[in-house]
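There are 2 protein chains.
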Amino acid sequence: MRLSEGVEWGLHCATLLSFLPDGQALPAARLAEYHGVPGAYLAKNLQALSRAGIVETVPGARGGYRLARSPAAISMLEIVEALDGHESAFRCTEIRRRGPTAVPAREYRAPCAIHAVMDRADAAWRAELAAASIADIVTMLSESAPSGALKKGSKWFQEVLR
Amino acid sequence: MRLSEGVEWGLHCATLLSFLPDGQALPAARLAEYHGVPGAYLAKNLQALSRAGIVETVPGARGGYRLARSPAAISMLEIVEALDGHESAFRCTEIRRRGPTAVPAREYRAPCAIHAVMDRADAAWRAELAAASIADIVTMLSESAPSGALKKGSKWFQEVLR
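Keeping their order, the protein sequence lines are chains A and B. Throughout the first sequence, residue numbering follows this note's numbering, covering 113 to 274 in sequence. Throughout the second sequence, residue numbering follows this note's numbering, covering 113 to 274 in sequence.
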């Protein structure tokens, strides 16, 4: 099982947008340029983030995307679910109801034990992502990103927001 | 992201095999019949479980598959990883190294903060599955499966193992 590339892109875009000065926005083409990813495909991911209320669009010549809420109020889980959906990775097709041991549907009152444990694992995965906000990512980045990259990022911002 | 159907089948097969009396085995065709799934595709999953040392084959007319270890010594994680691999669901393509802020590779000493949190979520998912054994599933099933299905299962075993 793999998450789509769009999940990585969306998480990075939200992180970058959290560095925007108040009142500013970044066009999708700039977000694609910064991340070195194809613009048309990234645009679809940004639209999904917009529908989920994570980013919002600002119209006009200096318009583009910005975060719809403060970085501390946006969890990684929200971004992942906006781009990948809310469904568990485990596909339960209720095979216990097939074959020679099948009984009438009404008798399957409790969920299948295997399904229950898979759901528990899925909940643990989502809980970790719900516990990390974009603000947390920024804090971690400020400690771990190469200083050269942070300087270049700052310079890039000054140029594109002129 | 979705796990393959084979993961559900493999977990159910290992659970069923845990009910086999000592010294007995079930052919792949019987496992397919019991679960109402296509035999040829199930056979591939059983071979993967065999390569992972979770099931083993018994040759001969009354041969087939049986668990290679006690149900308490087989975790759900082992089965999931045998069928779906060990890779995290998150696909990190290191997009931080692309675009205008890229710096030489040697400067990226710490893992990307986004990747680090995604890894933490993956570890939480795997920890839940590692904590549940096939013996645990059997205990849960004995409490929650429809009694009619348990009776039919017992009857089916008596017939096919005659």
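Just so you know, the hints here were simulated from the structure itself, not pulled from any lab data. Check the hints yourself; a few may be wrong.
It does not matter which identical chain is used: a pair holds within one copy or between any two.
[Unchecked claim] When the alpha-carbon atoms are kept at most 25 Å apart in a straight line, the in silico SDA-like pairs for lysine to any residue are as follows: (1) K267 x H147; (2) K156 x S256; (3) K264 x L132; (4) K156 x C204.
Each hint, compared with the structure:
no., hint, in the structure
1, K267 x H147, "within (15 Å within a copy, 61 Å between copies)"
2, K156 x S256, "neither (30 Å within a copy, 44 Å between copies)"
3, K264 x L132, "within (15 Å within a copy, 64 Å between copies)"
4, K156 x C204, "between (29 Å within a copy, 19 Å between copies)"
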